[in-house]
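Once you've looked at the hints, dock chain C against the given chain A.
Protein chains in written order, with the working numbering: chain A, 1 to 120; chain C, 1 to 120.
No lab work stands behind these hints, which were simulated from the structure alone.
In this text, all values refer to a predicted model and were calculated from it rather than measured experimentally.
A couple of the hints might just be wrong.
[Stated by the list, open to error] Partner residues are not named here, just some residues of chain A that face chain C (Cβ under 7 Å, in silico):
id, residue
1, N49
2, V61
3, T70
4, W74
5, H77
6, Y79
7, A81
8, G116
9, V118
A virtual CB, placed ideally from N, CA and C, is assigned to each residue, including glycine.
There are 2 protein chains.
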Amino acid sequence: MSTPLRALGRHIILELYDCPEELLKHPAEAERFLLAAAAEMKATVVGSNFHAFSPYGVSGVVIIQESHLTIHTWPEHRYAAIDIFTCGPLELEAGITSLLSAFQAKRHWLRELERGLVED
Amino acid sequence: MSTPLRALGRHIILELYDCPEELLKHPAEAERFLLAAAAEMKATVVGSNFHAFSPYGVSGVVIIQESHLTIHTWPEHRYAAIDIFTCGPLELEAGITSLLSAFQAKRHWLRELERGLVED
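Isolated chain A (complex conformation) (with noise of 0.2 Å):
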């Protein structure tokens, strides 16, 4: 008999297209974007990390207890790539609705991925 699998993580591959490129520029909105969803998720905060790139972009972390959200931006194709990693039973679909809004995506392509398949 065949053995059932599970996952440990979830990860969302979240593609924003066509946001406003002002949206996409500062770090700082970036990152309360990033913590808001976090929140959302009622995922606990250990960290952040965000950057600017020359001449524009962003690059972020939150590192949260239950894994981590990264973001990278390029202003210029008005297009924003984002991960959520979560192990554990946080809200993500509450996290996702809160970014898209946030990012005003008028395009968006998601996938969950499952990480770490274990006999049960």
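Relative to chain A, chain C alone:
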């Protein structure tokens, strides 16, 4: 005629199974392994942040000029979840080889995702 698309980022999803438990327990060691992989890739490290979980397990991120590397470990399952997100011409394969060797994974699973599909 269809418009060709190109990807702004390359994202490696790396699942390491059957690693020696001892290698997955210590934040300083995991940090050393990820920084070594970043060096192999010829990435420019901007910062890093690693911490331990109770009773065990490590969570960490290395921020590079070209995006990020992250890790989360479950020593009790001998499993580590690693992500490498890059833009620009890095030597990704050298970084992956370095990580597989450092963590002594007996089994691994790798997928590459293209992030940020835009018109050329």
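A quick look at each hint next to the structure:
For A:N49, the interface hint holds, since its Cβ comes within 7 Å of a Cβ in chain C; the closest pair sits about 6 Å apart. For A:V61, the shortest C-beta to C-beta distance to chain C is roughly 5 Å, which falls under 7 Å, so the interface hint holds. At a threshold of 7 Å, the smallest CB-CB gap from A:T70 to chain C is about 6 Å, leaving the interface hint in force. Interface hint at A:W74: satisfied, since its Cβ lies 5 Å from the closest Cβ of chain C, which is below the 7 Å cut-off.
Here the hint on A:H77 is kept, as its CB sits about 5 Å from the closest CB of chain C, short of 7 Å. For A:Y79, the interface hint holds, the least distance from its beta-carbon to any beta-carbon of chain C being 5 Å, beneath 7 Å. The beta carbon of A:A81 comes within 5 Å of a beta carbon in chain C, closer than 7 Å, and the hint placing it at the interface holds. Checking A:G116 against chain C by beta carbon gives a least distance of about 5 Å; that is within 7 Å, so the hint holds.
Checking A:V118 against chain C: minimum C-beta separation of about 5 Å stays under 7 Å; hint holds.
In summary, the structure agrees with every hint in the numbered list given earlier.
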